[in-house]
Amino acid sequence: MISILSVEIPYWGQTTFRVLGGLAAVLLPAGALVYIYLFKLMSFVQSRLGPMEAGPAGSLQLLAEVGKAFQKEDIFPRKADKLVFAAAPFVVLMSTFLLILVVPFGPDAWFVNLDTGIFFALAVSSVSVIGILMAGWASASKYSLLGGLRAAGQLIAYELPLVLAVMGVVIQAGTLNMQEIVYAQAEGEIFGISGIGNPFIITQFIGFAIFLIAMQAELTQPPFDMPVAESELVSGYMTEYSGIRFLLFFIGEFATAGVFSMIASVLFLGGWWVPGLDPDSNLFNILGPAVLFGKVMLVTFLIFWFRFTYPRFREDQLQKLAWKVLIPLSLVNIVATGILKVVF
Amino acid sequence: MGLVPGMIKGLGVTAKSAIETIFPDGPLKPPSPSKGAVTIQYPHEKEAPAPRARGVIALQEDNCTACMLCARECPDWCIYIEGHKEKAPPRRAGGKPRQKNKLDRFDIDFALCMYCGICVEVCPFDALFWSPEYEFSEPRIADLLHDKSRLAEWMETVPDFESYESGSEAKVRKVPR
Amino acid sequence: MSDETAVDTVDEADVVAETDEVREATLASLTDEVGDGIVESHIRPNDDIWVRVSRDAWVDTGMALKSMGFGYFSFLSAIDWMPSPFGRDMDSQVDLTLNPPEDEDDDVVMETGVAGGDTRFQVFARVNDIVNNRAITLKADLPDDDLSIATWIPVYSGANWHEREAAEMFGIDFVGHPNLRNLYLPGAFEGNPMRKDFALLSRRIKPWPGIVDVEPMPGEDEEGEDA
Amino acid sequence: MTTQIPDLSEQEQLRYISQQAADARVNVEIETEGMTLNLGPQHPATHGTLRIIAKLDGEQVVAAEPVMGYMHRGYEKLAEVRTYPQVTTLVNRIDWVGSFANETPFILAAEKLMEVEAPPRAQYIRTILHEMSRIANVILGIGDMGVQVGAVTPIFFAFRDREYVLNQIEAVTGGRFHPNFDRIGGLKDDLPAGWIQNTKNAMEKVRDFCDQIEELMYGNEIFQARTRGIGIIPKDVGLAYGLSGVNIRGSGVDWDVRRDNMSPGLVYDQVDWKVWTHPDGDSYSRMWVRLQEVREGTKIVDQLLDQIPSGPIMAKVPRIIKVPAGEAYVETENPLGVMGYYVVSKGDLNPYRVKIRSASFNNVSITPWLLKGVYVPDIITILGSLYFILGDIDR
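Residue numbers (our numbering), protein chains in the order written: chain L, 12 to 355; chain D, 615 to 791; chain P, 2 to 228; chain Y, 4 to 398.
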């Protein structure tokens with residue numbers, strides 16, 4: 012993102028830009044999708060209007076909610092492990108901000124261009140499990156503990172299909188670098204037909220579906236929201252949190268949804284690139300973030316559509332789904348991809 | 615279950631519901647969710663309750679004879695009436711002055727009231743009526759004890775009695791104005 | 002305010018002593034099973050059966066009924082037949098506070114209901130035969146000095162909570178009940194609220210608003226009726 | 004009726020497996036220290052203030068004990084100091100989502116003691132309102148089941164379409180939740196003009212809701228996985244615990260007080276309708292029967308609306324009601340199950356003793372038996388499928 016400006020910027024300036032850019036890249040999509048989908052679309056599905064008072068059509072509702080959370084008392088349960096309890100939301104949020112690092116927004120617009128980008132992303136996404144476990148354990152509440160343990164079990168179980176689904180893409184692209192995966196899609200061709208490139212969603216459709224399901228589970232969104240199941244565990248690992256720390260969890264949940272959708276768009280939908288345009292043109296440095304945002308909204312639309320429609324799985328059922336369906340399926344997908352890769 | 619899995623059908627139900635809310639006039643017309651939604655934006659628009667709705671009890675003070683029937687029949691003991699007798703001018707010229715019950719106090723404690731309507735029903739003199747008015751909340755419970763002047767104000771909001779469905783032998787009563 | 006106009010005249014001429022073979026037969030077969038346990042019984046034709054059994058035959062009767070097809074447990078509770086010492090706590094005819102009844106020490110006779118009763122407390126329960134659509138109400142007297150009766154849980158598992166409720170509300174001991182804790186009331190609650198001598202505080206701490214009457218004209222008696 | 008009852012053999016298999024599993028779960032091989040989880044009294048899933056103390060081993064329930072009384076209002080005691088017309092205002096509040104149905108059995112019991120009968124028009128309107136309160140109650144229960152299993156949308160659909168029914172109840176009785184409309188010997192008032200047609204429209208909306216919810220929830224594979232084979236109540240156990248209404252019909256018992264033991268004063272025998280049962284006895288079958296009951300209820304209402312006779316709505320009863328001495332028990336099929344009032348009168352203005360046999364009290368009393376060996380998430384779905392209203396338990 013820095014090189015677009017083609018001016019010499021001192022190191023501290025670059026760092027500031029990166030920090031601000033990272034904040035914007037995480038928070039803006041999160042806010043947008045919370046307003047558009049969680050507040051508005053969900054209301055429309057349920058024949059109501061949703062927030063209407065704060066700002067035009069309630070568009071500033073989110074700010075109002077944030078303001079409300081800031082005013083609230085930051086309550087610590089008496090028996091809580093104070094330090095761990097206080098730190099847990101930050102650990103969860105940290106994982107989100109680490110994830111954004113490797114997402115490319117344009118040919119030259121990126122924070123870090125790691126050769127092992129996707130590997131890094133999948134690794135740091137697991138950090139949030141630690142935060143959730145910390146929250147569940149330190150709250151000194153049985154609901155939180157059960158929620159935390161459920162979350163840990165679920166997130167670890169779905170890490171595997173997530174990784175395996177990505178494997179197909181990695182085999183096809185031949186690289187772990189996120190930027191190069193985008194280029195591979197832009198410059199690739201499907202079984203000899205060029206022109207629209209090769210968004211991996213076409214060849215890796217099974218991978219995409221598995222990635223989407225596993226992502227839903229990683230985000231603990233319905234139908235995989237057993238860890239926060241409000242009808243039994245009140246709010247799972249977040250039960251004892253209030254005020255700003257609860258807000259951090261809330262942001263973490265939806266920001267992670269946004270960032271994961273970015274990764275999904277990069278891996279399967281061609282990232283910042285649109286078919287028909289030269290991926291090397293400087294245009295994409297400006298257009299790229301917008302294109303990516305559009306694709307993110309598309310992917311999150313699916314996430315939220317499932318969220319409004321489905322009841323939740325039971326803990327053992329979702330484990331069964333992960334181990335007995337998704338993992339074998341993704342292994343088959345990898346094998347098939349490998350064979351096809353060798354054949355063509 | 616048929617050919618289409620239930621999970622896909624479910625997605626269809628939610629999508630259809632959203633589209634019906636956003637495009638109440640059909641998909642080609644401009645969206646107007648405020649029309650498609652079944653909710654109304656309360657302080658800005660208001661729904662008219664049914665004319666029979668039991669919102670608040672209104673008092674036609676002139677008709678009340680302080681006969682205590684309502685206070686006695688109230689299951690919650692939330693009606694407080696005080697009255698005294700006084701001389702009223704005779705009906706006919708040259709007649710004896712009449713004695714009349716004058717109402718001094720008629721309070722209903724709406725914090726206790728169960729809105730059952732027994733008082734309205736037992737009133738033999740058409741002094742109590744139901745009004746569909748519902749905006750009379752108070753910040754303090756004690757303020758919900760409303761006196762006869764407040765109850766009389768609500769008399770204006772009492773709607774006329776509705777006509778009855780065919781086949782009914784009931785007669786439509788009139789609200790004294 | 003005596004408004005007792007328009008008293009309905011129910012035609013009582015055609016109340017002929019009806020017979021009800023089904024219920025008679027039910028009662029007969031129950032009598033075969035329980036024998037001397039049945040103290041009194043009452044049949045309202047085409048409607049209902051009441052059977053009063055002795056306290057010792059309570060469980061046996063339940064067993065017998067269950068074997069006769071009355072497998073559905075409806076409810077179990079108790080009645081306190083002692084007339085309330087507080088009157089009705091609300092009376093639109095007589096103002097008890099201003100005009101206390103003069104014949105205070107006049108012993109009020111304890112009346113019991115259908116199928117009779119000898120003691121103050123009576124346990125009653127109802128079971129259904131859902132196949133033949135019969136139901137039967139059972140009653141059992143409890144001696145005043147020993148308010149206890151055997152539990153029905155071995156017969157009808159559903160009696161568990163009903164017995165707990167009756168125990169806390171009336172102070173009846175159900176012998177053999179595994180868990181006779183309070184069901185509704187707090188653990189430390191004292192008294193048995195459904196007994197007639199348990200005062201209903203909400204009716205005692207506040208005067209009845211219907212007591213007051215319109216103040217008469219000064220210097221006149223209350224004869225003057227309003228127009 | 005797109006949903007089909009699955010083969011018996013498969014269900015029997017499921018039942019066998021779940022029973023075996025329940026036994027195995029309680030006799031755990033590895034002894035771990037148990038944990039007591041307190042669900043409630045303030046808890047998002049307990050519609051009211053029911054508290055469940057669950058002893059857990061991991062996520063499995065070893066023993067569960069419901070604790071109630073947080074809403075005990077002592078209606079049986081309060082009814083003893085109120086006159087008969089005043090009691091209806093109390094009993095309104097027992098099952099507050101289907102409140103008209105609470106009044107019916109009490110009024111019928113009083114009418115039985117007084118030996119009066121409401122005029123035909125009043126009987127028809129009474130039955131219509133009774134059935135409408137069932138619809139209003141049960142569709143909320145269906146939507147609530149969605150919340151219990153984690154779906155957010157069904158409850159909003161339920162609230163949306165229940166509103167049409169409540170509006171109709173309000174238009175005739177004046178009260179949405181607490182109609183207080185039933186009187187000894189008839190009804191308080193007659194129908195307002197246009198009510199019949201509006202009610203038919205509302206019933207149409209309810210039928211649409213049933214189709215919608217069937218596709219959204221009942222057909223959903225996750226919902227079925229969460230409810231099929233979970234919380235199975237065998238016939239005889241259900242009867243011994245006194246379960247009633249849908250909860251016993253969901254176990255295959257074909258017993259409906261509306262059909263089998265209809266009290267005089269209601270006119271269910273004048274319409275063509277069907278009692279639905281389901282042989283499985285699990286959570287799903289209970290919810291499925293509920294859905295069919297709503298559909299059947301709309302049919303009953305539609306037919307009755309067409310048949311309402313003209314005439315008065317009030318029989319001749321004295322102005323001051325004194326009920327002759329005697330005892331009477333009347334039960335009706337209420338939204339939550341069989342509700343009955345055992346009224347003991349001594350010829351006074353007020354009843355001497357009223358025993359309220361509320362459906363939920365018996366329905367919930369089976370929970371300690373039923374929750375043994377299930378998972379924590381299943382506690383919620385089982386309770387949701389039993390569908391109780393706290394006011395109906397605590398009275």
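Simulated from the structure, these hints should not be mistaken for lab results. Just so you know, even glycine gets a beta-carbon here, dropped at the ideal spot from N, CA and C. Hints should not be assumed to be uniformly reliable.
Distance windows between CB atoms, simulated [to be verified]:
(1) Y:Trp372 <-> D:Val789: 53 to 63 Å
(2) Y:Trp372 <-> D:Asn677: 52 to 62 Å
(3) L:Lys331 <-> P:Asn183: 55 to 65 Å
(4) P:Asp37 <-> Y:Pro327: 31 to 41 Å
(5) D:Glu661 <-> L:Ile217: 48 to 58 Å
(6) D:Glu661 <-> P:Ser149: 38 to 48 Å
(7) P:Asp33 <-> Y:Trp276: 55 to 65 Å
(8) D:Glu634 <-> L:Asp327: 28 to 38 Å
(9) Y:Gly61 <-> P:Asp37: 47 to 57 Å
(10) D:Glu634 <-> L:Trp23: 32 to 42 Å
(11) D:Lys643 <-> Y:Gly61: 38 to 48 Å
Per the computed footprint, the stretches of chain L lying under chain D, defined by three or more beta-carbons under 8 Å from a beta-carbon of chain D, are [what the hints assert, rightly or not]:
(12) 83-91
(13) 334-340
Check your understanding: Looking back at the numbered hints, which does the structure fail to meet, lowest number first?
Key -> Hint check: 3, 6, 7, 10, 11, 12 and 13 fail, others pass.
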